[in-house]
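A.B. asks: Listed below are the residues making up each chain.
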Amino acid sequence: MIIAKVIGKVVATVKDPGFEGKKLTVVHAHVIKDGQLIPGQTMLIANDDLGAGEGDLVVVTQGSSARMAPTMKNCATDAVVIALIDRIDAGGRVVFRKT
Amino acid sequence: MIIAKVIGKVVATVKDPGFEGKKLTVVHAHVIKDGQLIPGQTMLIANDDLGAGEGDLVVVTQGSSARMAPTMKNCATDAVVIALIDRIDAGGRVVFRKT
Amino acid sequence: MIIAKVIGKVVATVKDPGFEGKKLTVVHAHVIKDGQLIPGQTMLIANDDLGAGEGDLVVVTQGSSARMAPTMKNCATDAVVIALIDRIDAGGRVVFRKT
Amino acid sequence: MIIAKVIGKVVATVKDPGFEGKKLTVVHAHVIKDGQLIPGQTMLIANDDLGAGEGDLVVVTQGSSARMAPTMKNCATDAVVIALIDRIDAGGRVVFRKT
Amino acid sequence: MIIAKVIGKVVATVKDPGFEGKKLTVVHAHVIKDGQLIPGQTMLIANDDLGAGEGDLVVVTQGSSARMAPTMKNCATDAVVIALIDRIDAGGRVVFRKT
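Residue numbers (our numbering), protein chains in the order written: chain A, 99 to 197; chain B, 99 to 197; chain C, 99 to 197; chain D, 99 to 197; chain E, 99 to 197.
Treat the hints loosely; a few may be bogus.
Put simply, identical chains are the same to the list, so a pair is met inside one copy or across any two.
Under the rule of at most 25 Å between Cα atoms (straight-line distance), these lysine to any residue pairs were calculated in the SDA-like manner [claimed, not checked]: (1) Lys107 - Gly133; (2) Lys103 - Thr169; (3) Lys171 - Thr111; (4) Lys120 - Leu135; (5) Lys107 - Asp187; (6) Lys121 - Gly153; (7) Lys107 - Asp184; (8) Lys171 - Val112; (9) Lys131 - Arg191.
Just so you know, these hints were derived from the structure itself, not from any lab.
Source: prediction; values computed, not measured.
For reference, chain A alone in the conformation it holds in the complex:
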């Protein structure tokens, strides 16, 4: 999985029927460098049924595993938010804490 920040959303009327009523969030991968959480290289569209809002830090699973999320069976998704991050500890420090 990757750490990612929710930065926006995609609106689409014409879509695969399996995505009807499903939220398509834009997420930006983040990495930890020198004890700081910084933006990474990857930007993805991920489904979310956990209620992530813009600015939230989340964990995103990718590939066939995305379809193992309870509400995503048989959906053609390849990326799903599986956790809303409260805190990240690294190198004995708190790198991120939800406010």
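Position chains B, C, D and E relative to chain A; hints supplied.
C.D. replies: The following block gives chains B, C, D and E in isolation, referenced to the frame of chain A:
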């Protein structure tokens, strides 16, 4: 999934029988940077049964999930257009709106 | 899928029995930039049962989808040639035409 | 699989039910260069049921294979620690030995 | 699949039971550039049941396809050696020949 722009198409007479009658579009991944939608690093061939035309911005799913699209069962595809994008919101702004 | 050029082949006597009698081609990913088809970053070994020859431009599918090709069921392949490209159109121009 | 160092952990209250009670470790990919083990480009969140602690060097498997680990069946994970590394030999030298 | 050189091995006592008795080799991806075989960017841990030794050039399959190798069913591996390379031909030349 990724945001991508349809930039062309591939014509092939000799092909795997599962691709008979299927459109092979060339798509170019796009990312959001400083509130702007800009071309990214990845270029893919994706199947499309939603009627995407050249210049359209779309969402593309990859891997085994591509075969979950209704018309792609048993097809050896690894990338399929699953939505035609109407609008992208990010950072409280409209980053893209279909015209 | 990706656009790739067949640039060579691999010969191997000791191999997984599922690859017995199967061609292992070396393919080099290509991308379109400024209306030109140019070599990309990725080099792969792909199976081919469509008769691709050195110098041919092909479409390669990757991952579990490669095993959906008719002759690759149960083979441990993760990349297969699924089309021999005749023509690529992009930006209203013919970017590639087989000669 | 990849070689990775456990550098931290993620705490999340709101999550996919399949991750209830499962450890989410932050791991940093490592590579061998000039006979030295050095940090690589990739940072991942991986599940761990082998008891890896911060600073441990581990082997991480990715994709659908992560769900083949005994305790991860039906979990939407795409990365799991499958071994705690005792030693790495490369180029006739011991590149890493657990202390 | 990718071309890779076996450069070492990983020793691990604590591991997923599915890896018991299985060799974990360290392999370094190689690519062909200007008719020469050169080291690439990727380093992986791959299973091997074909008897590859350090220095051998091999073909490695990745993802769920790795589990299609006869001895890897139900193993949480995502990379397996599927061939020991005897020769690589590219651009009308012999790029590699096993000695």
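A.B. asks: If a hint holds in the structure, say so; if it doesn't, say that too.
C.D. replies: Consistency of the hints with the structure:
no.	hint	result
1	Lys107 - Gly133	between (29 Å within a copy, 13 Å between copies)
2	Lys103 - Thr169	within (21 Å within a copy, 28 Å between copies)
3	Lys171 - Thr111	both (21 Å within a copy, 23 Å between copies)
4	Lys120 - Leu135	between (29 Å within a copy, 23 Å between copies)
5	Lys107 - Asp187	between (28 Å within a copy, 5 Å between copies)
6	Lys121 - Gly153	both (16 Å within a copy, 24 Å between copies)
7	Lys107 - Asp184	both (22 Å within a copy, 11 Å between copies)
8	Lys171 - Val112	both (21 Å within a copy, 20 Å between copies)
9	Lys131 - Arg191	within (13 Å within a copy, 29 Å between copies)
Hint compliance for this structure: every hint is met.
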